[in-house]
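> Sequence:
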Amino acid sequence: MPNIKNGPAKSPQKRVIICGAGIAGLTLAWWLDRTGWDVLVLEIASGLREEGYAIDLMSSGYDVAKRMGIIPQLEAVQYPISKIENVNERGERESEMNYDLFRRFQKGRLLALMRGDLERELHTALSDDVEIRYELTIDDIQQCDSSVTVLLSDGTREHGALLVGADGIHSRVRELAFGDEREFLRYLGYHTGAFIFEDEAVYRRLDGTFKNLTVPNRTIGCYPLRDGKLATFFVHRTPVRERPDDIRTALRRTYGGLDWVIPDILDHCDDVDNIYYDQVAQIEMPRWTWGRVTLVGDACQAVSLLAGQGASLAMGGAYVLAHELRQDGPIEETLAKYEAHMQPEIEKKQAAGRRAAKWLFPPSQHHITVRNIALKATQFPGGAHLLKPILESGTESVVEGL
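Numbering (this note's numbering), first residue to last: 7 to 408.
No lab work stands behind these hints, which were simulated from the structure alone.
Keep in mind the model is a prediction, meaning the values are calculated, not measured.
Not one of these hints is a red herring.
For each label pair, taking beta carbons as the anchor points, the in silico distance ranges come out as:
(1) Pro292 <-> Lys72: 29 to 35 Å
(2) Gly262 <-> Gly161: 41 to 47 Å
(3) Arg110 <-> Gly297: 41 to 47 Å
(4) Glu204 <-> Ile379: 34 to 40 Å
(5) Lys72 <-> Asp276: 40 to 46 Å
(6) Asp160 <-> Asp233: 33 to 39 Å
(7) His372 <-> Asp233: 39 to 45 Å
(8) Arg188 <-> Thr375: 36 to 42 Å
(9) Lys72 <-> Val278: 33 to 39 Å
Just so it is clear, CB atoms sit at the ideal spot from N, CA and C, and this is done for glycine as well.
Using the sequences and the hints, build the whole thing.
Quick look at the structure:
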């Protein structure tokens, strides 16, 4: 039976239904619970997701976690990355990204975490008053001036003062409230995958270092985790938007001709239970609110892995929404203030992410060579200015001053 946190009911006038128990949904639940809301969280998965990939928690995300008092817990599960090596197909280092330099630009407000570890710590931080129901989604939304009613996938109905879609880039709430995903999803031309596996030989060859292999239009990273585990991620350019029916076959077909440890990694495709795979995309919407329904996190503000701040902005957006709701104004005005605060910041992050595409995932050998030269130059005095636009792009916090 999935873990369920619940407690006594509170005022129906301050009941919120949150669809999605990911980073945005759990952060929002934590803050609303502490400001007197009765919180119900719905999650389509059967429990906490263990699969995932490495993320940088910084700026807005770090600031929100600090205000929640969970920085010590996150520090206990972070990975002390000092550098990321770019290697060739023989595993030889061609350049490296000094992660400590990135941390200095963030003034220490940077934690390297696995996404699953962050979600687990957010879940642990919740009080028993927050109810979470797993294996459920929403099939219909009805609302009036004073409340919103949702029909759940098990046939039951729930009522609240507010419905929040925190259910990711393929949001069910967004679909029901605003329309088809194709109206809002901006495909950026890449697919990405990730999984966690075990392989002693690969673990030894990494020698404790996060390493990336980049060839034109394809990047594969691999990095050691705790308990002898390894994590890998894949990014490749493709004009095909749709997710393949057989992602294991697709990964082997796309990356099968590469050397280094790639053949060994691909051998584990059939061993692992869960493989994350999706488009690299952004969500662009003119508005995030419909009456008493609103969106938070990737459901409305997906910046994509090109911008590298999805988790931090999810926590930041959840905090801003909770902050506005704490003012106890009319729902429509409150949600309008939340949108007005967040939308300009999201648009800036999305634009920065698109500009970074050729740097992060080079389309040609020429671009790879230029990137490696720039990274080597950062090892010399004054060379860090070459990366200043990238290093500074994530320093702004959307919660500063709130």
